[in-house]
Amino acid sequence: MRTICLYFQIHQPFRFRRYRFFDIGGEHYYYDDYMNESILRKVADKCYLPANAVMLDLIKKYEGKFKIAFSISGTAIDQFELYAPEVIESFRKLAKTGCVEFLSETYSHSLASLSNREEFEKQVLKHKAKIIELFGVEPAVFRNTELIYSDEIGSMVADMGYKAMITEGAKHVLGWKSPNYLYFNALNPKLKVLLKNFKLSDDIAFRFSNKSWSEYPLTAEKFVSWIKAIDKNEETVNLFMDYETFGERQKKDTGIFDFLKAFPAMVFKNTKFKFSTPSEVVQALQPVAAVHVPHAISWADEERDLTAWLGNELQWQAFAKLYEMQEKVKQANDPKLFKDFEYFQVSDHFYYMSTKFFSDGEVHSYYNPYDSPYEAFINYMNILSDFEIRLNSILSQDCSVEVQRLSKLLQEKEQLIIKYADQLNKDDGYNKPNVKKAVKKEKTKTASVEKPIKKSASGKIVETTKKASEKPKAKNVAGNTVKK
Amino acid sequence: MKVLMFGWEFPPHISGGLGTASYGLTKGMSKIPGMQIKFVVPKAYGDEDQSRMRIVGANDIEISKKLINYESFLREIEYIQINSKIVPYTDPDEYYHAVKEAKKEGRSFIYTNFRGKLPFTGKYGADLYHEIANYAVVASELAEEGDFDVIHAHDWLTFPAGIAAKRVSGKPLVIHVHATDFDRSGGSVNPAVFDIEMKGMRIADKIVAVSNLTRNTIIEKYGIDPEKVVTVHNAVEPLEEAEKLILKRNINDKIVTFLGRVTLQKGPEYFVEAAYKVLQKMDNVRFVMAGSGELLNRMIIRAASLRIADKFHFTGFLKGDDVYRMFSISDVYVMPSVSEPFGISPLEAMQSNVPVIISHQSGVSEVLQYAMKVDFWDIDAMADAIYGLLNYSALSDMFKSHGKEEVENMKWENSALKVNEVYQSVVK
Chain E
207 MRTICLYFQI HQPFRFRRYR FFDIGGEHYY YDDYMNESIL RKVADKCYLP ANAVMLDLIK
267 KYEGKFKIAF SISGTAIDQF ELYAPEVIES FRKLAKTGCV EFLSETYSHS LASLSNREEF
327 EKQVLKHKAK IIELFGVEPA VFRNTELIYS DEIGSMVADM GYKAMITEGA KHVLGWKSPN
387 YLYFNALNPK LKVLLKNFKL SDDIAFRFSN KSWSEYPLTA EKFVSWIKAI DKNEETVNLF
447 MDYETFGERQ KKDTGIFDFL KAFPAMVFKN TKFKFSTPSE VVQALQPVAA VHVPHAISWA
507 DEERDLTAWL GNELQWQAFA KLYEMQEKVK QANDPKLFKD FEYFQVSDHF YYMSTKFFSD
567 GEVHSYYNPY DSPYEAFINY MNILSDFEIR LNSILSQDCS VEVQRLSKLL QEKEQLIIKY
627 ADQLNKDDGY NKPNVKKAVK KEKTKTASVE KPIKKSASGK IVETTKKASE KPKAKNVAGN
687 TVKK
Chain W
2 MKVLMFGWEF PPHISGGLGT ASYGLTKGMS KIPGMQIKFV VPKAYGDEDQ SRMRIVGAND
62 IEISKKLINY ESFLREIEYI QINSKIVPYT DPDEYYHAVK EAKKEGRSFI YTNFRGKLPF
122 TGKYGADLYH EIANYAVVAS ELAEEGDFDV IHAHDWLTFP AGIAAKRVSG KPLVIHVHAT
182 DFDRSGGSVN PAVFDIEMKG MRIADKIVAV SNLTRNTIIE KYGIDPEKVV TVHNAVEPLE
242 EAEKLILKRN INDKIVTFLG RVTLQKGPEY FVEAAYKVLQ KMDNVRFVMA GSGELLNRMI
302 IRAASLRIAD KFHFTGFLKG DDVYRMFSIS DVYVMPSVSE PFGISPLEAM QSNVPVIISH
362 QSGVSEVLQY AMKVDFWDID AMADAIYGLL NYSALSDMFK SHGKEEVENM KWENSALKVN
422 EVYQSVVK
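If you're matching them up, the sequences are chains E and W in order. Counting in the working numbering, the first sequence tops out at residue 690, every number present. Counting in the working numbering, the second sequence tops out at residue 429, every number present.
Excised from the complex, chain W in its bound form (with noise of 0.2 Å):
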């Protein structure tokens, strides 16, 4: 089985949990016998992990020629302004740069550089849509050249790539929903991006989605036929001995953290309203958000205007190894989101041996049993799971030493067959 996969991101070039996912799935799928994976981003940078299949960076080739093609694939999409509100996956400090860099070349239509190739940034950002239109014209020039079996494209970002492949080659089109944008926006979908999502879930011969609440999303929002999507749950990389960081803890208090951007879809108001209950009855306790986003400045005044900022503390975004060393003195972990299509995070709170609470409205509460689930927004039910976890021991013993032994067996290779499984019903 040869495939050509379309992604927009790729370790360690990541900035959410699109690219660790897709790179989980590669990795599980190399392992399949007489796979073979050609990965596209749209921009190498040289350092990626090479050793798994071949990653062909869309700025290596040459579109030149294609210009023509480059105006249809533009037609499709070109109503699209660019919008704020639609970024995804952005950080604060990046997007800021993205917008003034995009005023100051006055980039509009293709940009490319001197021997005719098409310079990607690979961030998600302010010049998102060229992007992607871009990426979807070098689609259709690798599908023109390369062999390949089947083409599979990881959310909205690279639908237009695959659609392109699929007309060009003709090959059967798989499309990985790891998010839509109900999911992101919180219900006030960005209608381009509903459009883009539509038009890609349509046209694929099938659908994987990362959770059954992606799935039902799917089905009742977009309108797909329920034959044509399947459920494959992610799963989480096991931790390398050498990643297991232990941070020396300089104070006695418990810890309660939460990780993840602080925008709407991960209900960080919530954890803050459940933090400040749990204060009123323990005060050996604090609390610990960590990440950036558009709500982090409600949030900082929230907790002031509680009385709790003294316990309740920001880090601002963790990258790599800290986020690691913040699962290391962590008691607990909330993950509170208002809508979550997987959400990998808490997988790695319990490999780091910290229970974790959960909101029913995620993808992964539907394959873990050793996790505390509730309502994103019952926060006497979140402030009564944090009392419980940090109270009776227990209750936490039991989640270090069963949810980490639940982690190990949830494995990326599995999640793989799935997927091949999914090829085999498309080719035929």
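Just chain E, same shape as in the assembly (with noise of 0.2 Å):
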């Protein structure tokens, strides 16, 4: 079997709006509602829509023979039910039949794959569980944020239960092999790797409306000649991309609707390929071999690795402050808390702190809310100063609380400690004397303190203060661990 698998990517974050340091503390909403809003209108106007009217024509078309995977992230879809609710309605009815895909991936587009386990865990069933809420099926393949992959990444991916996952075809990866195989992890086998033709997938997504580009213009005829032309041996092409490519990266009056409408007719009638999606592909082919990628790659940029969200000081540090404040935000268990630390999360408020734009520009000035990756760095770690003061005063709540508690429980225990003090007295009668004594010595010698300890007697003195006092001692030392 030979096929095309198609996958599109749909995501929009919540942008903040402009925070000063004046409002840190005063002010505690983050976000450009009417930017968000007017984007999100804008773009399901102009792409989603539309775009989804295609998909839906073709599929009746050519009845089940079309196949298309989407992954939706959970702010896109947050921002559908607040300002599109017809974009998840046309998504439904692609859901209905049956020749769409939905992946599973973190709610918040988030990097946690690359820092916590445990959130990372728990925004992927989050996901999972929205996707299932709305379309009523339950995704197996996983693509992780902006197809950020690695061995380690896959492997925590197969434990969770997956039984594939989609990244970058990249080069420095794959070197002399072809994406066009499917692959499997190299720590798990069970998990199947498939790799984005980036060659094919980037003429349709960054060339197509591209005048100094030798192939303009790029006509459906002359695209699928290309995938006609690969080697016959090779099984799948994958071709993934943002579903923005569609009347929004490439406007409608650059003819990408109708090279879309085009595509399968020339795919049925030039070649013997067919669409599968994703989980068809997993099915159908076998794995050639393991793709090994010990160190984190992405879609991004000519280096296809994370320097785009991860690559300079300021992405460091605002990185490191977001994920310094999981476990404080586990504690305060507070559901706006949790929301707002959801939509931090997400990798694009990182991409605006990129200075890679220096030198390649564009795709990172993409509805890029800010004139610098200084002023987002700026922004963004206000808003994390103003969120920690919130946590930490629900915390500090917390605390008094959990302050009392345990100095009552300190209070029971010193009360025990006197009763079997006590007891040791009465139980060993005849040392009693002795013991005070002892105690008596101890406080003597303690009072003249450093002179007196070189003389000769002190030695004596000194061990059967130790002896006395043992047992009392112990006691108090479990106490306290119990305390703690």
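Since the hints were made in silico from the structure, they are not lab data. Bear in mind that the values here come from a model prediction, so they are computed numbers and not experimental data. A hint or two may mislead.
Simulated pairs of lysine to aspartate or glutamate, EDC-like, Cα-Cα distance not exceeding 16 Å [as the list claims (entries may be wrong)]:
hint, chain 1, residue 1, chain 2, residue 2
1, W, 282, E, 519
2, W, 278, E, 229
3, W, 282, E, 620
4, E, 562, W, 254
5, W, 401, E, 519
6, E, 527, E, 464
7, E, 377, E, 507
For each label pair, taking beta carbons as the anchor points, the in silico distance ranges come out as [to be verified]:
hint, chain 1, residue 1, chain 2, residue 2, range
8, W, 314, E, 234, 28 to 38 Å
9, W, 422, E, 460, 37 to 47 Å
10, E, 509, W, 227, 53 to 63 Å
11, E, 416, W, 224, 55 to 65 Å
12, E, 540, W, 227, 52 to 62 Å
13, W, 427, E, 508, 33 to 43 Å
14, W, 221, E, 577, 38 to 48 Å
15, W, 354, E, 577, 17 to 27 Å
16, E, 577, W, 422, 29 to 39 Å
17, W, 422, E, 416, 47 to 57 Å
All C-beta atoms, glycine included, are put in the ideal place defined by N, C-alpha and C.
With the hints in hand, could you dock these two chains into one complex?
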């Protein structure tokens, strides 16, 4: 079987408003509702709605032979529910055709896979639940934020029960190998790995309307001829891209929708390729080899690494600061704080802090609300500062309750110790005077401290006091550990 | 290539960025093989750095025979009154003395010393227009005698000299615009200065602007053909080890510095307002305004009325080493200029490892990446940037390490090569 696997990413972040330092401690609302709504409405009208309509037509037209896959981030879903519920409706219609697969990811399109396993799993489960709630299907294939992948992440995902994961067919990982096969994870062979054919994917996503490109204009016929030219043994062509490619990155007047409509027709007419969802690819194909990815890759920029999000000092500090608070957020256990903490983790916030655009530009400026990475950083840190204040105030309330509880416990234990000490004295009745004597002597010794210690007789005295106080002391230690 | 260059000041006798820039540029140009520069300044003191070029003091040239020509040059600008508003780059003390001197001497027309030479003070001040006229006379003299391929004149003060030299010699004229009167006056342009600038720009064969910002002003406000105007960004002289003075800090507070003339153009009031905002949230920070100018008293009053005077300090005008001392104890440098054709001082701050905040309305913002850029009027953004740099160490660390590297790559040699290209384009 030879197949084409189409997958589209849908994501929108909750962009922050300009949050100045003098808002810290006073204002706790961080989002620019106007900007988020207007961008979402714009993208919905230009891309999501018309593109979904085209997809639905194609699926109907080819009676189930045209298949696609989506991953929709939780923050995008939240925004659809807030600002454009009809988009969810149109995805539901697509889901009902049975020709559309929905993939799992982290709810907040986060970088948690690189930092915190607990947080990562929590977000994945939340996203999964949301997809089941909306579309009634349980995702079986995982897609990490921005196709970030490493052997470790893959094995973590396999542990969660996923059968496959998709990622970038990065050149530096594949070397001479082709992305057009099914691979498996190097640590856990049960997890299959689908690799993006970045050449063909990026021809559509980035180069389609580029007039200085030697292949301009790109027609469906030309594109399919390239697919046809692929070596006969190669099994799957994975075309992964942002859904915003259709109508937003590549505007309607570039003819991108016409390309999309003509594409399956050309495939069916000129080749023997069929369309499959990632799950079907995993089912149908035998993996050929393990793919070794010791250092994380992504689908971003030329380097296909993490430097777009975690490439400079600003991003490192912001990222560290964010996940430093994870434990406190858990303790605080406050739904509002949970929500904010989720939205802070959206990868876009780190993307805005990238200084790489100094050299390569454009994609980084896509709906970027900041003029510079520095502003993005300062804004983010201001917000985290405020968030930390809120966290601490909640925790300190909790703390005072905790302190009360502990001091009560302490009192009880002290009473116990006194009781035990009395008992001890009664039991070893004949030892009683000795103990008292020793205690007395110790007192006199400590009163005149250092000097007499060096004199000969003092050695014995110290020994006896030690023995006498051993037992109650041991009790005391036990009491302490209980308190802790 | 032989260049006859007209400047107005030259280190060590400088009162503004023009002297620093023309010095750096000529130094950079002197490294180009075959380049000979004759730099003309109004008065050579004899202690200028002479190693790289011949400085011709205009007052060493006899002009007695050329009095007739002098008349004709004066006519071009004869209607100009001495007007305090338009005197550029003058610090208040100096200006005061200049006016007093002029009154005392009752100086009016051309004043020559006993050998028939023109004595030039070489400083900006009250008698400026006469000096410009005198300078033009000298220029024509020089132009008649000297052999050179191109004339290069820096800023409006020397434009009449450049024009005169071009008339006499027929050689191409390149004018170098470091600032226009729109920048200096904040919009209320002095018509006399504007006329001189306009004339210079029209007669020039090519115009060099220090930034795209200035280039746009030249094209839009003076109606000059964009083809004729070339942007050559300024650079900065590398700091020599000996100059890296480190002042011991006596207080633990962070220090935020404004350094420059306290005039409308530099936007000092925005700095005061931003300081007030920051001080509402932070206690361990002090603000310093280093410089003097016509708005200084108003700034002192404003700081007092905002009740931040205990944390806001004024140093007066700083010179030479004091500038570097100030930088060495600063944590942030702010240049909130309303209109800054270029602005070399942020580069000097960066050389001293000080993170900088500059206004979008400055030419230097076109070439810097590792700097915070805000609109001069956006006090909130400015305050936020100051707060961010003081509180989030990743940002200031990044600016310190990468900023220094960035500035080190901005060399006068590169600017000089671009100026040379301009020469080549006008010399046929």
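Hint check results:
no.: 1; hint: W/282 / E/519; in the structure: violated (25 Å)
no.: 2; hint: W/278 / E/229; in the structure: holds (11 Å)
no.: 3; hint: W/282 / E/620; in the structure: violated (46 Å)
no.: 4; hint: E/562 / W/254; in the structure: violated (34 Å)
no.: 5; hint: W/401 / E/519; in the structure: holds (12 Å)
no.: 6; hint: E/527 / E/464; in the structure: violated (47 Å)
no.: 7; hint: E/377 / E/507; in the structure: holds (12 Å)
no.: 8; hint: W/314 / E/234: 28 to 38 Å; in the structure: holds (36 Å)
no.: 9; hint: W/422 / E/460: 37 to 47 Å; in the structure: holds (39 Å)
no.: 10; hint: E/509 / W/227: 53 to 63 Å; in the structure: violated (39 Å)
no.: 11; hint: E/416 / W/224: 55 to 65 Å; in the structure: violated (38 Å)
no.: 12; hint: E/540 / W/227: 52 to 62 Å; in the structure: holds (60 Å)
no.: 13; hint: W/427 / E/508: 33 to 43 Å; in the structure: holds (42 Å)
no.: 14; hint: W/221 / E/577: 38 to 48 Å; in the structure: violated (23 Å)
no.: 15; hint: W/354 / E/577: 17 to 27 Å; in the structure: holds (24 Å)
no.: 16; hint: E/577 / W/422: 29 to 39 Å; in the structure: holds (32 Å)
no.: 17; hint: W/422 / E/416: 47 to 57 Å; in the structure: violated (32 Å)
In this structure, the hints that do not hold are numbers 1, 3, 4, 6, 10, 11, 14 and 17, in rising order.
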